[in-house]
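Number of protein chains: 2
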Amino acid sequence: MEMKNIFANIPKDLDEEVLEQLVKSEHISIERILSKGHQSPESGWYDQEQNEWVMIVAGEAILSFDDGSDMTMRKGDYINIPAHKKHKVKWTDPEIETIWLAVFY
Amino acid sequence: MEMKNIFANIPKDLDEEVLEQLVKSEHISIERILSKGHQSPESGWYDQEQNEWVMIVAGEAILSFDDGSDMTMRKGDYINIPAHKKHKVKWTDPEIETIWLAVFY
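In order, the protein sequence lines correspond to chains A and B.
What the first sequence shows, in my numbering, is residues 1 to 105, in sequence order.
What the second sequence shows, in my numbering, is residues 1 to 105, in sequence order.
For the record, the hints were derived by calculation from the structure and aren't laboratory data.
A few of these clues could be false.
[Unchecked claim] Below 27 Å or equal to it, Euclidean Cα-Cα: the simulated DSS-like pairs (lysine-lysine) are:
| hint | chain 1 | residue 1 | chain 2 | residue 2 |
| --- | --- | --- | --- | --- |
| 1 | A | K4 | B | K85 |
| 2 | B | K75 | B | K24 |
| 3 | A | K88 | A | K36 |
| 4 | A | K85 | B | K4 |
[To be verified] Residues from chain A that face chain B, not an exhaustive set, calculated with beta carbons under 8 Å:
| hint | residue |
| --- | --- |
| 5 | N5 |
| 6 | N9 |
| 7 | I10 |
| 8 | I30 |
| 9 | W53 |
| 10 | V54 |
| 11 | M73 |
| 12 | D77 |
| 13 | N80 |
| 14 | W91 |
| 15 | V103 |
| 16 | Y105 |
[To be verified] Restraint ranges, calculated between C-beta atoms of paired labels, are given here:
| hint | chain 1 | residue 1 | chain 2 | residue 2 | range |
| --- | --- | --- | --- | --- | --- |
| 17 | B | I62 | A | E26 | 25 to 33 Å |
| 18 | A | E2 | B | K24 | 23 to 31 Å |
| 19 | B | K24 | A | Q48 | 16 to 24 Å |
| 20 | B | M71 | A | D67 | 17 to 25 Å |
| 21 | B | I96 | A | Q50 | 45 to 53 Å |
| 22 | B | A83 | A | T72 | 34 to 42 Å |
| 23 | A | E26 | B | I96 | 32 to 40 Å |
| 24 | A | N9 | B | I96 | 24 to 32 Å |
No residue lacks a Cβ here, since even glycine has one placed at the ideal position from N, Cα and C.
Please take these sequences and the hints and turn them into a complete structure.
As structure tokens, then:
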């Protein structure tokens with residue numbers, strides 16, 4: 001059993017979003033996602049097979065949903081996005097790294 | 001979809017550990033656990049049917065394992081504890097709340 005830290009090993013160069021799988025099993029995966037000013041492409045709705053519980057560990061982001069609503073998420077905020085609930089990342093803080101913790105199940 | 005915050009609604013009175021289930025599905029549960037100076041009883045090994053991925057969101061704790069080893073965990077530290085790996089909480093910070101985020105799967 002190895003202990004790691006969610007704030008460690010953040011690349012200096014975040015030209016693209018960085019996904020790191022922390023746990024992968026038959027039914028779930030746990031991922032750390034690093035963003036810095038990234039957003040989904042205009043047409044890029046996520047339409048996922050799995051439910052996603054996601055929390056902002058650091059930084060700030062705005063999620064958009066296909067009903068036209070936006071949700072601003074700050075440190076410690078979490079939501080549970082049901083499978084096939086279309087959503088996208090409208091904005092992430094361009095100044096600091098946003099660390100997402102996502103559980104897909 | 002309701003947004004909540006992992007740092008919110010922390011009871012002033014933490015005489016006992018407080019568990020809050022954030023997600024429950026067929027295969028997983030996600031829980032917030034609040035500790036403040038709590039520890040497992042001397043004989044109280046956890047011997048769980050499920051794997052547990054657990055992270056310290058705030059505070060500090062020491063986990064003990066039945067091979068005699070201890071692990072000090074601080075903010076952002078996470079480990080993956082396999083099912084039936086016996087462990088217990090040896091110590092949590094008595095001065096501030098320790099917030100654990102646990103995914104049982």
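Hint check:
no.	hint	result
1	A:K4 - B:K85	18 Å, holds
2	B:K75 - B:K24	25 Å, holds
3	A:K88 - A:K36	15 Å, holds
4	A:K85 - B:K4	18 Å, holds
5	N5	4 Å, holds
6	N9	11 Å, violated
7	I10	11 Å, violated
8	I30	6 Å, holds
9	W53	5 Å, holds
10	V54	10 Å, violated
11	M73	7 Å, holds
12	D77	5 Å, holds
13	N80	6 Å, holds
14	W91	16 Å, violated
15	V103	6 Å, holds
16	Y105	5 Å, holds
17	B:I62 - A:E26: 25 to 33 Å	31 Å, holds
18	A:E2 - B:K24: 23 to 31 Å	28 Å, holds
19	B:K24 - A:Q48: 16 to 24 Å	19 Å, holds
20	B:M71 - A:D67: 17 to 25 Å	44 Å, violated
21	B:I96 - A:Q50: 45 to 53 Å	35 Å, violated
22	B:A83 - A:T72: 34 to 42 Å	38 Å, holds
23	A:E26 - B:I96: 32 to 40 Å	37 Å, holds
24	A:N9 - B:I96: 24 to 32 Å	26 Å, holds
Hint violations for this structure: numbers 6, 7, 10, 14, 20, 21, all remaining hints satisfied.
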